[in-house]
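**Q** Sequence:
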Amino acid sequence: MGIKDNFTADEWFKVMTGPGRAGAAVVAASPSGLTGLVAEAQAIGQAVRESVSAHTRTPLLEAMAADLLGTAPDPQAMPHQERARNMDEAREQSLQGVRQAAWLVAAKASPEDAAAYRAMLINVAERTASAAKEGGFLGIGGEQVNDKERAVIEELRALLGQGAAPAADASPAPLSVPPTDGSGTNN
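Numbering (full-length UniProt numbering), first residue to last: 1 to 187.
Quick caveat, the hints were computed from the structure, so don't treat them as lab data.
Mixed in with the good hints, there may be bad ones.
What the hints assert, rightly or not - Using 16 Å as the maximum straight-line C-alpha spacing, the simulated EDC-like pairs for lysine to aspartate or glutamate come out as follows:
1. K4 <-> E62
2. K133 <-> E143
3. K133 <-> D147
4. K148 <-> E89
5. K148 <-> D67
6. K108 <-> E11
7. K108 <-> D5
8. K4 <-> D67
9. K108 <-> D10
10. K148 <-> D88
What the hints assert, rightly or not - What follows is a set of in silico ranges between Cβ atoms, one per label pair, in the way DEER data are often shown:
11. R49 <-> Q81: 20 to 30 Å
12. R83 <-> G2: 28 to 38 Å
13. D10 <-> E92: 31 to 41 Å
14. H55 <-> N86: 38 to 48 Å
15. R85 <-> T56: 17 to 27 Å
16. N146 <-> H55: 32 to 42 Å
17. R85 <-> H55: 38 to 48 Å
18. E112 <-> G33: 31 to 41 Å
19. D147 <-> E92: 13 to 23 Å
Note that the coordinates shown come from a computational prediction; the quantities given were computed from them, not determined experimentally.
Glycine included, C-beta positions come from ideal geometry on N, C-alpha and C.
Make the full structure from the sequences, and use the hints.
**A** This is how it looks when you write it as structure tokens:
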């Protein structure tokens, strides 16, 4: 029995899409032009690949790597998700998805897996934010990470129980136990 067996198919889908949602929250906070969007999408993929293929990966990240190398899921079998009507909704939906995924991992995996997963989520968000300059004109000027992107990263840190950027030797704070319904909400 592998770690993936701890999750239902819907829960595993949420865990697998959590890192992409962390990156999507940053993208939605401050959309870039076409080339910036491509760079940010590539950063999401690269950060996920590096996390799940690191030699220090945990059993959860190994299971994620195996699924990423496997056959893509049938789009018809994937859970229905309401489309966002604007970027603020997209950001909120992404943050909610990250919250649910992180709580599922905290509830159903080891503390080491949960810490590695949270670190991956933050890494994906930071790499996405740094992938393209915001503002400026024709690549001149602008800033690598703007205030809106920094705000989303800090919001992610807070919802993951990590507060402000940790010192190099600090370990992440544990995530609070999720509600029994696994929704990630306190309602």
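**Q** Please go over all the hints and tell whether each is borne out by the structure.
**A** The hints, checked one at a time:
Of the supplied pair hints, the one linking K4 and E62 holds, its CA atoms being roughly 10 Å apart against a limit of 16 Å. A distance of roughly 5 Å separates the Cα atoms of K133 and E143; the hinted pair therefore holds under the 16 Å criterion. Among the hinted pairs, K133 with D147 is consistent with the structure: their alpha-carbon atoms are about 12 Å apart, no more than 16 Å. At most 16 Å may separate the alpha-carbon atoms for a hinted pair to count; K148 and E89 meet this at roughly 15 Å.
Taking the CA atoms of K148 and D67, the gap is about 32 Å. The hint is violated against a cut of 16 Å. As the CA atoms of K108 and E11 are separated by approximately 10 Å, the hinted pair is consistent with the 16 Å bound. Using a Cα cut-off of 16 Å, the hinted pair K108 and D5 holds, with the two alpha carbons roughly 10 Å apart. At roughly 10 Å between alpha-carbon atoms, K4 and D67 fall within 16 Å of each other, so this suggested pair holds.
The straight-line distance between the Cα atoms of K108 and D10 is roughly 14 Å, inside the 16 Å bound, and the hint therefore holds. Restraint check: the Cα-Cα separation between K148 and D88 comes to about 11 Å, which is no more than 16 Å; the hinted pair holds. Evaluation of the 20 to 30 Å hint for R49 and Q81 yields a pass: the beta carbon distance comes to about 24 Å. In this structure, R83 and G2 meet the distance hint of 28 to 38 Å, their C-beta atoms being roughly 33 Å apart.
Taking 31 to 41 Å as the suggested C-beta distance range, the pair D10 and E92 does not conform, at roughly 20 Å. At about 42 Å, the beta-carbon gap between H55 and N86 stays in the expected band of 38 to 48 Å. Range check, R85 to T56: about 41 Å between beta-carbon atoms, so the 17 to 27 Å window is missed. Taken as a hint, the range 32 to 42 Å holds for the pair N146 and H55, whose Cβ atoms sit roughly 34 Å apart.
Between R85 and H55 the C-beta distance comes to about 43 Å, which sits within the given range of 38 to 48 Å. Range check, E112 to G33: Cβ separation about 40 Å, and the 31 to 41 Å hint holds. For D147 and E92, the hinted distance range of 13 to 23 Å is satisfied, since their beta carbons lie about 18 Å from each other.
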